[in-house]
Every structure is written in C-alpha cells, then in structure tokens.
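Each residue of the sequence shown is one higher than the last, beginning at 1 in this note's numbering.
Read the hints as simulated data drawn from the structure, not as lab findings. The structure displayed is predicted, hence computed values, not measured ones. Careful, some of the hints might be misleading.
[Stated by the list, open to error] Below, in silico cross-link-like pairs of lysine-lysine (DSBU-like), each with a Cα-Cα straight-line distance of 35 Å or less:
#	residue 1	residue 2
1	K81	K138
2	K267	K223
3	K320	K138
4	K297	K28
5	K425	K262
6	K205	K267
7	K50	K223
8	K235	K299
9	K228	K32
10	K50	K40
11	K223	K32
12	K28	K267
13	K87	K222
14	K262	K32
15	K443	K235
16	K223	K235
17	K77	K235
18	K81	K128
19	K32	K325
20	K81	K325
21	K300	K115
22	K272	K352
23	K16	K40
24	K40	K28
25	K300	K262
26	K262	K128
27	K321	K352
28	K32	K77
29	K300	K410
30	K325	K425
31	K195	K228
32	K77	K223
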Amino acid sequence: MNFEETAQNIIDLTLKAGASDCDVVLAKSYGKSISCRFQKIEDLDESNEKTIGIRALVDQRQAFVSSSDIETDNIDKLVSKCVEMAKLAPIDDTAVLGDSSMFEHNAPDLDLFEKEDVHTETLIEAVKECEDAALSVKGITNSEGAGASSSKGEFYLATSNGFQGGYQSSSSSVSCSVLAGQGQDMERDYEYAVKRHISDLPSAKEIGLSAAQKTLKRLNAKKISSTKLPVVFDKRISNDLLGYLASSISGTSIARGTSFLKDSLGKQIFNKDVTIIDDPAINRGLGSKPFDGEGIKVKKRELVTNGKLNTWILNTSTAKKLGLKTTGNASRSVGSPPGVSTSNLYMTNGLKSYNDILSSISYGFYATELIGMGVNLVTGDYSMGASGMLIEKGEITHAVSEVTIASNLKEIFMNLSAANDLEFKYRTNAPTVLIESMTLAGK
C-alpha cells in the first residue's frame, strides 16, 4: 500500500462527502514475541496489522472512525459514516486541525528504525541466555520466565490543510522474572530493557543477572515502625513522579481546572537545582518523533528550569481553550482525536552522587517498588504502598515490605533532590531522587 496516495484519496473523498476539514491516520505494524520458562519455549507469537483512522470536521463538529479493513469498498463506507456522525456531533469550537504555518515539512531522521530484521532465532537465544543467567545465581529458586520481542511499524498522517508525512520505527526488548526463597518467604523481581535497535540492548546475560540480584535483595524483609523519614526513590520508580507532573501540566487538565498545579505557571514548584526537559529529537529515543500527532514541528523544551514551571503541555485543541499556541505535544492514535503527551521526558542530573545521597541519611527508606493508585492529581495528595530497603547510617541494611508512604506532590516536588546517575532506559527517565521527608506507615 502506498500511504501517500491512499491518504490523499481518503481526504478527497471525505471533503467531497461534505466535510469542511479532515485528517487521516494510516498505521501498520509487524511484531513477534517469545517467552520461555526453564529453557522451554512456551509462546511464540507474531502479529501483522494495518489500520486506518479518519477524522471529519463539519461546521465545528467532529467525529472519528477507525478500521483494520483498508479495502477500497470499506474506506468508502468509513468516509460516509464519519461525515454523517460529524453532522450529528455537538458543537466544539476547539475542534480544528493544526496550524499549517507550524507544520513540519523537513522532518529529521532520528534513526528510529532498524532496517535489518531481527530473526526469531536471535530472540530464542536471548530468552534462553537471559533465564539461564538468572537461574545460575545462588539463591534463585524458581523462574516466572524470560521474554523477548521485536516490532516494526509505520505511522502516516495527512491533513486537508496541507500536511503529509510519516516515519518508521522499531523496538526490541528482553525481560526476565525470577523468584528466591521458599514458602511464605518467597520473593520475586524482574529486569526489563527496551531499545529502538537490538544492538543497543544490554546483553541477555546482564539482564538475567540483574533480575536475580534484585530478587535476592528482597529476601528477609522486615516491617518497620511508622514514622516520618527521608525517602529515596530508585531510578526504576522515580520516573513516576515525572509522569504525575506531565499529567498535571497537560492542557487537558489545566483547561478543565482539575490539576493541583493549575495556578503554578511561572512559579517555583521544585528546588532551584531541578530542571526537567521534554526532548522529541533524541536519536533512537523511545519517545522520539519527527513531528507531533497533528503534523506540528517539535523541539526540545525545558518544562521546568531551576525549579520554575515554564509551560503547559499543549496540542492545538487545548491551546485554543487556553488562548495559547500548541507546544507540539499532540499525540495521535488511529481511533481518537489528538491527545496530549510528552516525548522523551527526563529530569537532568543533580549535584550529588548516588553514594553521597545515601551517606547523608542516618535513617531512611529506599523505595524500589510502588503498589496501588493512591495519587490524586486534583489535590496532589500522594499515598502509595511500597517495598524497598532500610537505610541506616548511610548504608542499606535490610529489605522492607508492607509499608505505605504518603505526602503531597507539592511538598514532594519542593523537597526533592536528584542524584547524578540519570540513564535513558524508558520514555520517561529520572535519576535516583531523595525526598527530604515523607510519612511512612508501617507496623
């Protein structure tokens, strides 16, 4: 299928059917995934999908349709259905296409696509090597298995006001989950890695060994008494805090007035050593994209500079509601209107090393896992089940389980300091962070 020709044909049909404006999303993906347990392959799956999404706008009304049937006869039916639905939709004066003066017509190559195929045999070798490495570690008693996957996809967007563009992307991942201990004292943990190119992944052996080491650290967990104390967030969970920030400064939340940060633009919300960046142009970045979900140019932005909140995260619709311009943060899926999202969101390195942060704590909690959904982004209230390790006199002494940590996100943000150990492992990344004081509920 030629995406450019197909998209232009759909636009022509949609306008002819009565739409004043429209856009089209075309996507295809191919992937395979493999899992094994005790060296026996348990699942080997392949997927191959093509999907289409059409948005029609009729006099400030809009509707969306999507389908995995991209044959000509079905496209004609989709177009007709979409336009008729739009005519019946409620009026929405923010239902508009992106500003054509902001379109990206010279998209950069961000090396998001691995041209060479990842062979099934390569994935099989990876899962077996990964699990074997984990099981070889003394103290590991069982396995939940290892998995590996590889996928490739293409995204194409066309609008009736002059944008046409697409890009290809790929990703490969390896994971492992194992158990240690016996009976009621059994613990589990995991390791997971994903990259755009399989050659950038850590070795399968390294991933397996890391899963084993993390699992062993959870053994012999003890309960601790309720108190207020410093809390360190491991890098595996510190990025959650950035996710809460992004949701709270999203144009959707701000326009609705449902964010605890709705009156904080231009104000200090972190200490002066904290800077947070959204960068869609990182080569091979998991969140990188050459343009946003409306075809708008994207660029690196400092959302927070020296603790001060600089901007909301906006697409065209939410920007219009707030009387502002889009920040190029529109996301797009086949079956829905443009949403709002970040790309590669990260907190820059702090001033202290990981060891310096630990050594500064006489008695504290090192959180490695969070449990539950206890965050209210309207009020900022934060309460999560957690497990991790106790810090005593600057050193980690033993595992801790069955505690709850609580505070308010405004206080967490203002009392947060970051280590200098940032790694880009996910779409959203942060260093190890220290929160000066939180309430811990234990025994």
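So, going through the hints one by one against the coordinates:
1. With a C-alpha separation of about 62 Å, the suggested pair K81 and K138 falls outside the 35 Å cut-off, and the hint is violated.
2. For a cut-off of 35 Å, the pair hint linking K267 to K223 is broken: about 39 Å separates their Cα positions.
3. For the hint linking K320 to K138, the alpha-carbon distance of about 59 Å lies beyond 35 Å, and the restraint is violated.
4. Distance hint between K297 and K28 is fulfilled; the C-alpha atoms sit about 23 Å from each other, no more than 35 Å.
5. For a cut-off of 35 Å, the pair hint linking K425 to K262 stands: about 30 Å separates their Cα positions.
6. Proposed proximity of K205 and K267 is contradicted: the alpha carbons are some 46 Å apart, above 35 Å.
7. This hinted pair does not check out: K50 and K223 have alpha carbons roughly 51 Å apart, beyond 35 Å.
8. Annotation: proposed proximity of K235 to K299 holds, straight-line Cα distance about 25 Å (limit 35 Å).
9. At roughly 47 Å between alpha-carbon atoms, K228 and K32 are farther apart than 35 Å, so this suggested pair is violated.
10. A threshold of 35 Å between alpha carbons decides the hint, and for K50 with K40 the separation of about 32 Å falls inside it, so the pair holds.
11. A threshold of 35 Å between alpha carbons decides the hint, and for K223 with K32 the separation of about 42 Å lies outside it, so the pair is violated.
12. Taking the CA atoms of K28 and K267, the gap is about 43 Å. The hint is violated against a cut of 35 Å.
13. In summary, the hint linking K87 to K222 is not supported, as the alpha carbons are separated by about 62 Å, beyond the 35 Å threshold.
14. Of the pairs offered as hints, the one joining K262 and K32 is violated, with about 43 Å between alpha carbons and a cut-off of 35 Å exceeded.
15. For the given pair, K443 sits about 26 Å from K235 by alpha-carbon distance, which is consistent with the 35 Å threshold.
16. Restraint check for K223 and K235: the C-alpha separation of about 23 Å stays at or below 35 Å, so the hint holds.
17. Restraint check for K77 and K235: the C-alpha separation of about 49 Å exceeds 35 Å, so the hint is violated.
18. Our distance criterion of 35 Å between C-alpha atoms is broken by K81 and K128, whose separation comes to about 49 Å.
19. Restraint check: the Cα-Cα separation between K32 and K325 comes to about 40 Å, which exceeds 35 Å; the hinted pair is violated.
20. For the hint linking K81 to K325, the alpha-carbon distance of about 32 Å falls within 35 Å, and the restraint holds.
21. Using a Cα cut-off of 35 Å, the hinted pair K300 and K115 holds, with the two alpha carbons roughly 26 Å apart.
22. With a C-alpha separation of about 14 Å, the suggested pairing of K272 with K352 holds against the 35 Å cut-off.
23. With a C-alpha separation of about 56 Å, the suggested pairing of K16 with K40 is violated against the 35 Å cut-off.
24. Straight-line distance between C-alpha atoms of K40 and K28 comes to about 31 Å, which keeps the hinted pair within the 35 Å bound.
25. About 23 Å separates the Cα atoms of K300 and K262, which keeps this hinted pair within 35 Å; it holds.
26. The straight-line distance between the Cα atoms of K262 and K128 is roughly 50 Å, outside the 35 Å bound, and the hint therefore fails.
27. Proposed proximity of K321 and K352 is contradicted: the alpha carbons are some 41 Å apart, above 35 Å.
28. With a C-alpha separation of about 32 Å, the suggested pairing of K32 with K77 holds against the 35 Å cut-off.
29. Taking the CA atoms of K300 and K410, the gap is near 25 Å; set against the 35 Å cutoff, the hint holds.
30. Our distance criterion of 35 Å between C-alpha atoms is met by K325 and K425, whose separation comes to about 31 Å.
31. Pair hint K195 plus K228 does not hold up; C-alpha atoms about 39 Å apart against a cutoff of 35 Å.
32. Only pairs whose Cα atoms come within 35 Å are accepted, and K77 paired with K223 is rejected, the gap being roughly 62 Å.
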